[in-house]
Amino acid sequence: MKREEVFERLNNVFRDIFDDETIVVKEETTSKDIEDWDSLEHINLVVAIEQEFGIKFNMNEVTSMKNVGEMVDIILTRVEEK
Amino acid sequence: MKELEYPFDVNYIIKNKRKIRKELLLKPGLLEKRIAILGGSTTSEIKNMLELFLLNYGIKPTFYESEYNKFYEDAIFGNEELDQFSPDILYIHTTNRNIIQYPTMYDDEKTVEEKLNFEYEKFKKIWDKLFSKFNATIIQNNFEYPYYRLLGNKDAVDIHGKTNFVTRLNQKFYNYANSTKNFFINDINYISSSYGLDKWANQFYWHMYKYAMEVPAIPYLSFNLANIIKSIYGKNKKAFVLDLDNTLWGGIVGDDGVENLNIGPEVPSGQVYTEFQNYLKEYKSLGVILNINSKNEYENAIAGLNHPAGTLKPEDFIIIKANWNPKNLNIKDIAEELNLGADSFVFVDDNPAERQICRDYVEGLSTPEIDVPENYIKIIDHNGYFEVTNFSKEDLKKSEMYKDNAKRSQMMATFDNYEDYLHSLKMKAEIASFKPIYLERISQLTNKSNQFNLTTKRYSLADIEEVNKDENYIKLYGKLEDIFGDNGVISVVIGNIKKKEELHIDLWIMSCRVLKRNMEFAMMDQLVKKAKERNIKTIYGYYYPTLKNKMVSNFYDLQGFTEISCDEQGNKTYK
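Protein chains in written order, with the working numbering: chain G, 1 to 82; chain F, 1 to 575.
To be clear, the hints were calculated from the coordinates, so they are not data collected in a lab. Please note that a few of the clues may not be correct.
Computed list of lysine-lysine pairs in DSBU-like fashion (alpha-carbon distance at most 35 Å, straight line) [to be verified]:
#1 K154(F) - K237(F)
#2 K235(F) - K82(G)
#3 K32(G) - K33(F)
#4 K2(G) - K426(F)
#5 K70(F) - K32(G)
#6 K397(F) - K56(G)
#7 K70(F) - K284(F)
#8 K133(F) - K26(G)
#9 K22(F) - K66(G)
#10 K32(G) - K457(F)
#11 K181(F) - K56(G)
#12 K199(F) - K66(G)
#13 K32(G) - K22(F)
#14 K181(F) - K32(G)
#15 K26(G) - K428(F)
#16 K154(F) - K115(F)
#17 K19(F) - K32(G)
#18 K154(F) - K82(G)
#19 K181(F) - K66(G)
#20 K17(F) - K66(G)
#21 K284(F) - K32(G)
#22 K428(F) - K56(G)
#23 K47(F) - K26(G)
#24 K115(F) - K26(G)
#25 K17(F) - K56(G)
#26 K56(G) - K199(F)
#27 K235(F) - K181(F)
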């Protein structure tokens with residue numbers, strides 16, 4: 001899977017979760033950039049992303065990802081492992 | 001909304017909850033309720049999901065949510081915010097994570113017993129305290145099984161086992177529930193088993209976020225909870241409308257002939273239908289009414305229902321529509337004949353096209369997405385259409401009552417003059433102040449009546465008990481009996497005395513079973529009599545229009561009242 005494709009699918013998940021069609025996620029996007037992205041919503045986001053890509057994050061990953069770019073790194077590794 | 005009925009797509013709901021919420025908030029006539037969630041673990045998503053399912057049932061919740069794991073403190077020591085919130089419902093979301101004193105192998109029997117009582121008393125104290133403070137309904141989780149068994153199978157049997165401990169603690173909760181009104185158990189023990197305990201107890205979610213179950217399981221929990229709440233507020237379904245061919249039996253009676261239908265113990269596919277018929281028949285004991293809606297010749301339908309291996313017989317049904325009319329029209333006819341709203345029905349049909357048409361054309365109808373016959377029961381059951389909260393003895397006789405009504409209609413047809421017909425019924429009314437034995441039924445009636453309901457004010461059992469105790473109310477119930485049977489309590493009037501000589505009628509309802517029997521005039525006579533005894537000078541009546549109560553828009557005019565005001569919403573005041 002290409003990095004661009006991951007971004008595109010990820011972007012759709014974000015738009016659904018936050019019900020905002022204007023969201024465009026980039027490498028450096030963090031929770032500060034999206035109003036409703038708090039720690040509680042982060043859980044739902046993780047669940048939805050796991051579903052979308054058929055993967056599971058481990059605990060360290062969930063707590064350590066600093067921005068969307070790092071999230072995409074993990075997704076790509078997981079997808080390749082499959 | 002189909003997306004919020006079982007079987008639902010959890011990922012869709014979690015991903016689209018904001019969109020779904022927005023859409024549901026547009027529904028007219030939402031009933032507002034205040035719900036306090038007192039949690040022993042994270043409750044955020046439980047609240048969000050509960051909101052969706054309740055909105056789908058026409059209930060708009062506002063929430064109070066305790067701080068993380070502050071259920072005990074909030075209940076026992078109080079909390080100003082909670083006090084001011086004045087909840088209608090208190091939901092205590094605790095799980096086996098909130099059990100502090102589990103037994104150990106070192107404990108003797110007495111110590112285990114003490115631990116059990118310690119845990120139980122902790123909760124009992126919470127409930128008693130909340131009941132003393134709030135005029136509210138409490139919903140309490142029982143406990144799910146532990147996710148590991150130190151003693152293996154003996155964990156269930158031995159008093160030192162956690163599984164055994166949880167089972168005994170749950171039993172104590174049930175005893176409390178059985179002896180306490182306005183207290184209900186949210187059975188997460190069952191829901192977690194049905195969902196799959198290993199998945200439910202996915203410890204990732206506990207350690208990461210302090211959720212006591214995995215996030216994808218939350219919709220199942222919240223749905224289960226929403227079913228209890230909608231039932232308390234009288235939003236249960238009341239009746240089945242059932243297809244015949246390939247729904248109640250295998251095969252098509254008109255083509256295959258009765259003798260070739262698939263039903264009975266001989267073959268597996270026949271057993272499935274027998275079991276489904278048995279399941280439906282059990283609902284009669286809950287007061288759920290069975291009806292038929294089938295594209296068939298009437299004779300063939302009856303012949304099929306008389307199949308010797310079938311357990312449902314023609315007399316088990318109130319209305320049988322076996323014809324070639326569109327099914328959505330049949331459902332509307334059935335609703336009209338029974339005097340029920342279309343939203344009271346569950347339509348069961350194996351044909352997805354028929355389901356879709358009826359779903360599209362009959363507003364409020366529930367149409368479960370059944371698939372293969374062996375799943376019919378599971379899918380209907382898990383939808384919680386008929387969740388039992390307040391069961392009154394009248395429910396046992398409901399089917400008979402509807403039958404009596406059908407007989408009355410037949411008899412009416414034999415009279416030219418309506419007055420003569422009324423005389424022939426030899427009606428006997430009993431109108432009196434509330435009595436304790438009827439309070440349950442009275443509360444039920446205030447929540448179920450939509451059409452003959454002047455103010456559509458809903459009263460929980462707790463509310464009715466309050467009114468009953470309060471001397472500033474005149475409260476009447478009416479029962480009606482005739483040659484065909486006893487209709488039970490069918491009308492309720494509550495008047496509030498203000499300034500010593502004014503009576504304000506807060507509630508005036510009557511069951512549609514007894515429309516056009518002049519019962520309302522008898523009730524009014526009695527009310528006026530009672531008012532005179534209390535030296536009331538003026539009686540005020542109110543009519544608040546809803547989508548369903550148009551039939552009583554001129555009720556007070558007919559009773560000889562004078563309209564004194566009418567606002568833009570059509571809310572009228574009479575004197």
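These are the hints, each one checked on the structure:
1. The suggested pairing of K154(F) with K237(F) is violated, with an alpha-carbon distance near 42 Å, which exceeds 35 Å.
2. Annotation: proposed proximity of K235(F) to K82(G) is violated, straight-line Cα distance about 47 Å (limit 35 Å).
3. The hinted pair formed by K32(G) and K33(F) meets the criterion: a straight-line CA distance of about 34 Å does not exceed 35 Å.
4. Straight-line distance between C-alpha atoms of K2(G) and K426(F) comes to about 83 Å, which puts the hinted pair past the 35 Å bound.
5. Restraint check for K70(F) and K32(G): the C-alpha separation of about 29 Å stays at or below 35 Å, so the hint holds.
6. Of the pairs offered as hints, the one joining K397(F) and K56(G) is violated, with about 54 Å between alpha carbons and a cut-off of 35 Å exceeded.
7. Proximity of K70(F) to K284(F) is assessed by CA-CA distance (about 43 Å); at most 35 Å being required, the pair is judged violated.
8. Only pairs whose Cα atoms come within 35 Å are accepted, and K133(F) paired with K26(G) is rejected, the gap being roughly 52 Å.
9. Restraint check for K22(F) and K66(G): satisfied, since their Cα atoms lie roughly 31 Å apart, inside the 35 Å limit.
10. Simply put, K32(G) and K457(F) have alpha-carbon atoms about 46 Å apart, too far for the 35 Å limit, and the pair is violated.
11. With a CA separation close to 45 Å, the supplied pair K181(F) and K56(G) exceeds the 35 Å bound.
12. Our distance criterion of 35 Å between C-alpha atoms is met by K199(F) and K66(G), whose separation comes to about 29 Å.
13. The hinted pair formed by K32(G) and K22(F) meets the criterion: a straight-line CA distance of about 24 Å does not exceed 35 Å.
14. With a C-alpha separation of about 48 Å, the suggested pair K181(F) and K32(G) falls outside the 35 Å cut-off, and the hint is violated.
15. Between K26(G) and K428(F) the alpha-carbon distance is near 77 Å, which puts this suggested pair outside the 35 Å criterion.
16. Between K154(F) and K115(F), the direct Cα distance comes to roughly 19 Å. Compliance with the 35 Å bound is thereby established for this hinted pair.
17. Between K19(F) and K32(G) the CA atoms are separated by roughly 22 Å; this keeps the pair inside 35 Å, and the hint holds.
18. Simply put, K154(F) and K82(G) have alpha-carbon atoms about 40 Å apart, too far for the 35 Å limit, and the pair is violated.
19. Under the criterion of a C-alpha separation no larger than 35 Å, the hint pairing K181(F) with K66(G) is inconsistent with the structure, at around 51 Å.
20. Note on K17(F) and K66(G): the hinted pairing holds, with a Cα-Cα distance of about 25 Å set against a maximum of 35 Å.
21. Distance check on the hinted pair: K284(F) and K32(G) sit about 57 Å apart at the alpha-carbon level, beyond 35 Å; violated.
22. A hinted pair counts as satisfied when its Cα atoms are at most 35 Å apart, and K428(F) with K56(G) does not qualify at roughly 69 Å.
23. The straight-line distance between the Cα atoms of K47(F) and K26(G) is roughly 31 Å, inside the 35 Å bound, and the hint therefore holds.
24. For the proposed pair K115(F) and K26(G), the alpha carbon gap of about 55 Å is over 35 Å, so the pair is violated.
25. Between K17(F) and K56(G) the CA atoms are separated by roughly 22 Å; this keeps the pair inside 35 Å, and the hint holds.
26. For the proposed pair K56(G) and K199(F), the alpha carbon gap of about 14 Å is at most 35 Å, so the pair holds.
27. Distance hint between K235(F) and K181(F) is fulfilled; the C-alpha atoms sit about 19 Å from each other, no more than 35 Å.
Of the hints listed earlier, those the structure fails to meet are numbers 1, 2, 4, 6, 7, 8, 10, 11, 14, 15, 18, 19, 21, 22, 24, in rising order.
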